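J.: Sequence:
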Amino acid sequence: MKVALLTLCFALGVLAQDTYENANDNFDISEVLNNERLLNSYAKCLLNKGPCTPEVKQVKEKLPEALETRCAKCTDKQKQMGKALAQEVKKNHPDIWQQLVAMYDPEGKYQQAWKDFLQE
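Read in order, the letters of the sequence shown correspond to residues -16 to -1, 1 to 104 in mature numbering (1 follows the signal peptide of the UniProt record, and there is no 0).
Possibly wrong hints are sitting among the right ones.
Keeping only pairs whose Cα atoms sit at most 20 Å apart, straight-line, the calculated PhoX-like set for lysine-lysine is [stated by the list, open to error]:
{"#": "1", "residue 1": "Lys57", "residue 2": "Lys44"}
{"#": "2", "residue 1": "Lys33", "residue 2": "Lys99"}
{"#": "3", "residue 1": "Lys75", "residue 2": "Lys28"}
{"#": "4", "residue 1": "Lys41", "residue 2": "Lys28"}
{"#": "5", "residue 1": "Lys33", "residue 2": "Lys61"}
{"#": "6", "residue 1": "Lys28", "residue 2": "Lys57"}
{"#": "7", "residue 1": "Lys74", "residue 2": "Lys93"}
{"#": "8", "residue 1": "Lys57", "residue 2": "Lys75"}
{"#": "9", "residue 1": "Lys75", "residue 2": "Lys41"}
{"#": "10", "residue 1": "Lys63", "residue 2": "Lys41"}
{"#": "11", "residue 1": "Lys93", "residue 2": "Lys61"}
{"#": "12", "residue 1": "Lys57", "residue 2": "Lys33"}
{"#": "13", "residue 1": "Lys74", "residue 2": "Lys44"}
{"#": "14", "residue 1": "Lys61", "residue 2": "Lys28"}
By construction, these hints were calculated from the structure, which means they are not laboratory data.
Treat the numbers as computed from the prediction; the structure is a model and nothing was measured.
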């Protein structure tokens, strides 16, 4: 759940001072959610199974920190888009979701925090 959330949350920006850069906050999340090929491409990058675009590569770099801090440096827009993506992937692509969780939270130590975050 948390991985998918952060997938786009961080694909939208890079690390800045106190928050991640908001330059891509106008990113059209529906383009990813409605495009199976694009969603799978992003997932493959995050799972080290395919090439990465510069944006998704930034996500991979920031993902551990974001998981640990519950997206503390995310802008409100990034949190909103990340939640939408996470909920979509978890609901409609459970196989991808499970792979992402297994890779980025194998011990399950972020599960409850991210569950709470998604319900905020």
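J.: If a hint holds in the structure, say so; if it doesn't, say that too.
T.: Structure-based check of each hint:
no.: 1; hint: Lys57 - Lys44; in the structure: holds (15 Å)
no.: 2; hint: Lys33 - Lys99; in the structure: violated (26 Å)
no.: 3; hint: Lys75 - Lys28; in the structure: holds (18 Å)
no.: 4; hint: Lys41 - Lys28; in the structure: holds (11 Å)
no.: 5; hint: Lys33 - Lys61; in the structure: violated (28 Å)
no.: 6; hint: Lys28 - Lys57; in the structure: violated (25 Å)
no.: 7; hint: Lys74 - Lys93; in the structure: holds (18 Å)
no.: 8; hint: Lys57 - Lys75; in the structure: violated (26 Å)
no.: 9; hint: Lys75 - Lys41; in the structure: violated (24 Å)
no.: 10; hint: Lys63 - Lys41; in the structure: holds (18 Å)
no.: 11; hint: Lys93 - Lys61; in the structure: violated (25 Å)
no.: 12; hint: Lys57 - Lys33; in the structure: violated (27 Å)
no.: 13; hint: Lys74 - Lys44; in the structure: holds (19 Å)
no.: 14; hint: Lys61 - Lys28; in the structure: violated (24 Å)
Hint check: violations occur at hints 2, 5, 6, 8, 9, 11, 12, 14; the rest are consistent with the structure.
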